[in-house]
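A.B. asks: Each chain, letter by letter, is given below.
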Amino acid sequence: MPADAVIEARAARKVFRTGQQTVVALNDVSIAIRKGEFFTLLGPSGCGKTTLLRLIAGFETPSSGQILLNGNDITDAPPNLRPVNTVFQSYALFPHLTVRQNVGFGLQMQGVAASEITDKVKRALSLVRLEDLADRKPQQLSGGQQQRVALARALAPSPEVLLLDEPLSALDLKLRKEMQSELKRLQHELGITFIFVTHDQEEALTMSDRIGVMSKGSLLQIGAPREIYNHPVNRFVADFIGETNLIPAEVRNAKATIVRNVSIPVDPASPEGAHTLAVRPEHVRIVPVSGDVPLTAKVGESVYFGTDSHIQLLLADGTEIIARHQNEATGGEVPPPGTEVGVAFAPGAVQVLED
Amino acid sequence: MARRDFSASRIPGFATVAILVFCALYAPIVILVAYSFNVGDSIAIWEGFSFRWYPIAWNNEQVREVTMRSLTVATIAALIATTVATLAALGTTRRRKTRGQTFIYLMINQPLMVPEIVTAVALLIFFASIKVATGYQGLAYLIAAHTAFCIPFAYLPIRARLEGMDTTLETAAADLYATHWQTFRFVTLPLLMPGIIAGLMLAFVTSLDDVVITLFVKSAGQDTLPTYMLAKIRRSVSAEVNAISTLLLLLTVVLLTAFFLLTRKRE
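Residue numbers (the working numbering), protein chains in the order written: chain A, 59 to 413; chain B, 256 to 522.
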C-alpha cells in the first residue's frame with residue numbers, strides 16, 4: 059500500500075439484495091486516501107459514493123474486499139471502534155441533548171474525564187464559532203447552525219478521518235459558499251483527513267485536493283481537480299464535471315477528422331479510431347472566416363448568463379457545439395444567428411476520450 | 256371566485272353530526288357524574304345537591320379493599336406488560352425486516368383480536384388445572400392474566416414511537432463510540448420515553464377497568480373495583496357507584512393531563 063495512505067479500500071464490493079433483486083452498489087473499488095488530504099467522492103445519486111463512505115465508517119460491511127486504516131484491516135470492526143467520525147446529511151443531532159451535550163457525546167462514550175470533556179467541547183465549539191449557543195437544544199438552531207454543531211460533534215473526539223456525507227446539500231446557496239470556505243479552513247487548521255461526498259461538481263472542484271469520480275458503483279478517475287477537469291478519462295467524467303462539447307471524430311496519426319476533410323491536431327499519444335472529442339465551451343473560439351481556419355459553423359441561439367454568454371454553433375454535419383463567450387463591458391460582440399463564422403480550439407484543449 | 260381547499264366543515268349536516276356524536280360520547284358520563292352528587296338514593300330522580308356519597312364510598316371497608324386490589328394488580332401488570340412490550344417493540348423495529356414480520360405483529364396483538372370471553376374461558380380452564388396442581392390461590396393469576404392482555408396496549412404506542420424515530424440518530428451514536436448498550440441507554444431510551452409512558456398508562460387504565468377476564472379468573476374474595484361495582488349494582492342500585500365511577504374518571508383525567516404535560520415539556 060502507499061506509505062502515506064490513512065484509509066485504503068481494496069476491491070471493496072457491496073451487493074444489496076431486496077427480495078428478488080440484487081443491486082451492485084459498489085463494484086470492486088480500490089482507493090487509497092492520503093493522510094491530511096481533502097478527498098472528495100463525486101458522482102450522481104446512486105453511484106455508490108455514500109455506500110463507500112458507510113463502509114469506511116463501519117455502518118456497512120463489504121460483501122467482499124477490505125477496508126484498511128493506517129494499514130490495519132478494519133473491515134469487520136464496528137463503527138464505535140473506528141477513529142473515524144461522520145457528519146451526516148441530515149445532521150442527526152440528538153434532539154434531547156443540548157448543543158454542549160451533543161458535542162461532548164463522543165468523548166463521554168470514550169470515557170474521557172469530565173474536565174477534559176469540558177475543555178475539548180469548548181474548543182470544538184469555538185472552532186465553529188458557536189460558544190454562545192452551547193446550552194440550546196438543536197431544534198432551536200437554524201439549519202446552518204445545526205450544521206456547525208454536527209461538525210463540532212464529529213471533530214470533538216479528534217478523529218483520524220472525518221467523513222462528510224453531502225453535508226451542505228440542505229443549505230441555501232449563500233450559506234453553502236460560506237460553509238465551503240469554513241470547511242476548507244478547518245481542514246487546513248486541524249490537518250485531519252476529510253473524505254467529502256457530494257454530487258455537486260463545483261463544490262468538488264473548489265474544495266478538494268483530490269477527487270474520485272464515481273458512476274454506477276465504479277471509480278472512474280482519481281486526480282486533482284485541474285487534472286480531472288482538463289484531462290477527463292472518459293465521456294462520463296467529461297460530461298459530469300463542468301460543461302463539455304462532445305464531438306464524434308475519426309483519429310489517425312495525431313489528427314482528428316471532425317467533418318468532411320476538416321481535421322485538427324490532437325495529442326500524438328491519443329488512441330486511434332472512432333472516438334469522441336471533448337472540448338470545454340470556454341476553449342471554443344469564434345473567429346472570422348479565413349483560409350487559415352478549416353472549421354466553419356453557423357451561429358444559432360445564444361443565451362445570456364451575466365458574466366458570459368453561451369453561443370450555439372452548428373457544424374456542417376449538424377453537430378452542435380457551445381462556445382462560452384466572456385461578456386465585455388462594451389457588449390454587443392455576440393454574432394447574430396445565421397452568421398457564418400470560423401471555429402478554433404485553444405491549444406491543448408481537445409481531449410480524445412476512450413469511450 | 257377564488258378556489259379554496261377542501262374543508263369537511265362545509266359538508267351539509269357537519270355540525271349536526273358532530274354535536275350528536277359528542278352527545279352520545281359525553282351525555283351518559285355527565286349524567287353519571289351529576290347523580291353522584293344527588294342527595295337521595297335514586298340514580299334517576301334528582302333530589303338536590305350533596306357530597307354525601309363520597310364519604311359513604313370512602314368509609315366502606317369493602318370499597319377500599321377492592322380499590323387497593325385493583326391498583327395493585329393494575330400497577331404490577333402495567334409495569335410487566337410495558338417492559339415486555341418495550342422489548343417486543345425493539346425486537347420488531349430494530350432488526351432486519353424478515354418475511355414473517357406481519358405475522359409477528361399479529362401474534363403480539365392477539366389479545367386485541369381474540370374475543371375477550373374466549374380468552375377468559377381459556378384462562379379459567381388453564382388456571383384451574385394449575386390451582387389444582389399447586390394449591391396456590393393468590394393474586395398472581397389475576398396479575399398474569401392482566402399482564403397478558405395489557406401487552407398490546409403498551410406495545411402499540413411504543414412501536415409507533417420507535418418507527419417514527421430517525422434511526423440515523425442511533426447510527427450517529429455508534430459512530431461516536433457508543434456501544435450497543437450505550438446507544439440504547441443514552442439515545443434510544445430517552446427518545447422512547449414518551450412512548451413508554453403512554454404505553455404504561457394505557458396498560459394501567461386497561462387493567463384497571465377489566466371485568467370479563469377478571470370475573471372468570473379471580474378466586475373467591477378477589478373482587479376488583481369493577482367486579483365489585485357490578486355485583487353491587489346487581490343487588491341494589493345506589494349512587495355510591497356513581498361516586499366511585501366519578502373518582503375513577505378523575506384519576507384517568509389526571510393521568511392523561513400528566514402525560515400531556517410531561518411529553519409537551521420534552522418536545
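Don't take each hint at face value.
[Claimed, not checked] Pairs of lysine-lysine, DSBU-like flavour, derived with a Cα cap of 35 Å:
no.	chain 1	residue 1	chain 2	residue 2
1	A	K274	B	K386
2	B	K473	B	K487
3	A	K242	A	K232
4	A	K242	A	K274
5	A	K313	A	K242
6	B	K352	A	K195
Just so you know, these hints were derived from the structure itself, not from any lab.
A.B. asks: Could you work out which earlier hints the structure fails to respect and list their numbers in ascending sequence?
C.D. replies: 1 and 5
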